[in-house]
Amino acid sequence: MVNRQSDTGNGECLAEDLLSGYLEGKLTPVLKAACEVHLIGCDECRQKLADFMRILQPDISEQEMAAVNAAVVRWEQRDLRAIPSRQVRSWKRVYFALATLAAVLVMGVLVLVGVFSAQDRIQQVLAASPDRPFEAEMANQPYRPLKQTRGPETDREFAAQAKEMSKQATEAYDIGRWRLLGKEYDSAIEQLQVAANDPGVSSEVLNDLGVAYLLRDEPGDPDRAKQQFDLALQRDPKFLPALFNLGLLYDSTNKLEDAGRVWQQYLDLDSESGWAKEVRRNKEDSKK
Amino acid sequence: MTEAGRFRRHGQGDDLSSAQLFRQCGERLTDVALWQSFQERFHWRITTYVIRTLSILRRNPDRDTVCDLVQEVYLRLLQNNGRSMSGFREETDFAVFAFLGRMSMRAVSDHFRSQQAGKRTAEIISIDDARRFEEESKVEDLDISSILSWIDVARLIEADPDRRNATRNVLIFKLHYLEGLTVKEISQYPGFDLTEGAIEVVLKNLRMQLRKKMGRSDQ
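Line by line, the protein sequences give chains F and P. Quick note: the working numbering has the first sequence finishing at residue 285, numbered continuously throughout. Quick note: the working numbering has the second sequence finishing at residue 224, numbered continuously throughout.
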């Protein structure tokens, strides 16, 4: 918090740390007076201050004490720790949530201390997670099963990691991939398009741009995604992620015959990997 | 009554101030002993803040939901590798408690906002609406509330003989009569720098001035 009169602005609402600074009595006289003038006139800020005062009250009523004690006892019964996993309903889900959180945090620390080089950071983050961020396959993405019950905490951790890393990346392709991982599709497409404009563009870049279109799924995006996957396969007909994603695209647009053909093409090239097993399942499902 | 001793201090973080412990936990996310200290020192408080926010929102959830919301507060503290904790710049206990209070308020509000977004047909009660409902039910305060809605506050401030604290006094007046805070609740905060008795005097003086302006004599 910076104690300057300009912080309060002329009629601008007060920041929360300014409200706590006011309550604590640590503002300069000028800033304090400016806050008071604002608080007298602004119902919203004054209500926020009042809520804040109620919540931070050092005294606690008997009724509150009973409720807090009951909640703390429940916390202990559930054997919870200060490592969160919201709304878990079984030990399996607890395991996946905690493992994902731990993996992403550990990877974050390792990345920050420079253990990994720039190009393999995404792979490392994806490899460290027991889950995968979306159904489509990014280039060089290690296989992880897609959990239908994946909680919002997993998404948030991927998003938080991706947001941080996209700031550190310098290449458009790297930035685009991090943003894709963070599900910022517009921004990912913007960066991946820059990378795709390179005359020597690789199948990897085209595939990932296709994935961004596939996931964004706005009008015209399925066609754009198909175009990128086709281009990726023109450059490398055996590029498996593009085949996998093309199969998904056909399946999602109800072109089941095309999906079956592409998936068979995939299985002719790879019949053993986790991706292949998923392709086989998808192929069977589309026949039903 | 003050914070209960369910989580007594014992462990690596005992010698640290609240702010130091807070920062170190953010810097060492996997240090079990530090986090044990954090939980011992702050868990009860976080739970209290969550329950009070629920009360303001007029919610009465089961204990499991309260535990989930407390976990959500921890989750938010850990976000971005605990940057909000490791980068905490304040030094006082109050600042740490205020930070945890803000975190708890946001976690609870966001929880119900997203829950309501999922149930599109359900009635959404915002914190403002809940407060408004509460205010409307306070019949005895309605007179002063309606007066304050049209009175020229600037003139009220000018008329206050305690010119140096005139804005503070009017703010206290509004916090009491419009927001419903008790004299004791207001007196708890060092920012107002007043005892309960002094706040009573401030309120009495301003009531008198209001009555004068309305052409009534003080009863």
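Heads up, some of the hints might be wrong.
[Unchecked claim] Okay, derived cross-link-like pairs now, EDC-like style, lysine to aspartate or glutamate, Cα gap no bigger than 16 angstroms in a straight line: (1) F:Lys23 x P:Asp20; (2) F:Lys29 x P:Glu190; (3) F:Lys23 x P:Asp36; (4) F:Lys252 x F:Asp233; (5) F:Lys23 x P:Glu96; (6) F:Lys45 x P:Glu190; (7) F:Lys280 x F:Asp255; (8) P:Lys189 x F:Asp255; (9) F:Lys45 x F:Glu61; (10) F:Lys23 x P:Glu95; (11) P:Lys189 x F:Glu254.
Hints in this document: simulated from the structure, not taken from any laboratory.
Verification of the supplied hints:
{"no.": "1", "hint": "F:Lys23 x P:Asp20", "verdict": "25 angstroms, violated"}
{"no.": "2", "hint": "F:Lys29 x P:Glu190", "verdict": "20 angstroms, violated"}
{"no.": "3", "hint": "F:Lys23 x P:Asp36", "verdict": "33 angstroms, violated"}
{"no.": "4", "hint": "F:Lys252 x F:Asp233", "verdict": "23 angstroms, violated"}
{"no.": "5", "hint": "F:Lys23 x P:Glu96", "verdict": "12 angstroms, holds"}
{"no.": "6", "hint": "F:Lys45 x P:Glu190", "verdict": "15 angstroms, holds"}
{"no.": "7", "hint": "F:Lys280 x F:Asp255", "verdict": "11 angstroms, holds"}
{"no.": "8", "hint": "P:Lys189 x F:Asp255", "verdict": "73 angstroms, violated"}
{"no.": "9", "hint": "F:Lys45 x F:Glu61", "verdict": "21 angstroms, violated"}
{"no.": "10", "hint": "F:Lys23 x P:Glu95", "verdict": "11 angstroms, holds"}
{"no.": "11", "hint": "P:Lys189 x F:Glu254", "verdict": "74 angstroms, violated"}
Checked against the numbered hints given earlier, the structure breaks hints 1, 2, 3, 4, 8, 9 and 11 and satisfies all the rest.
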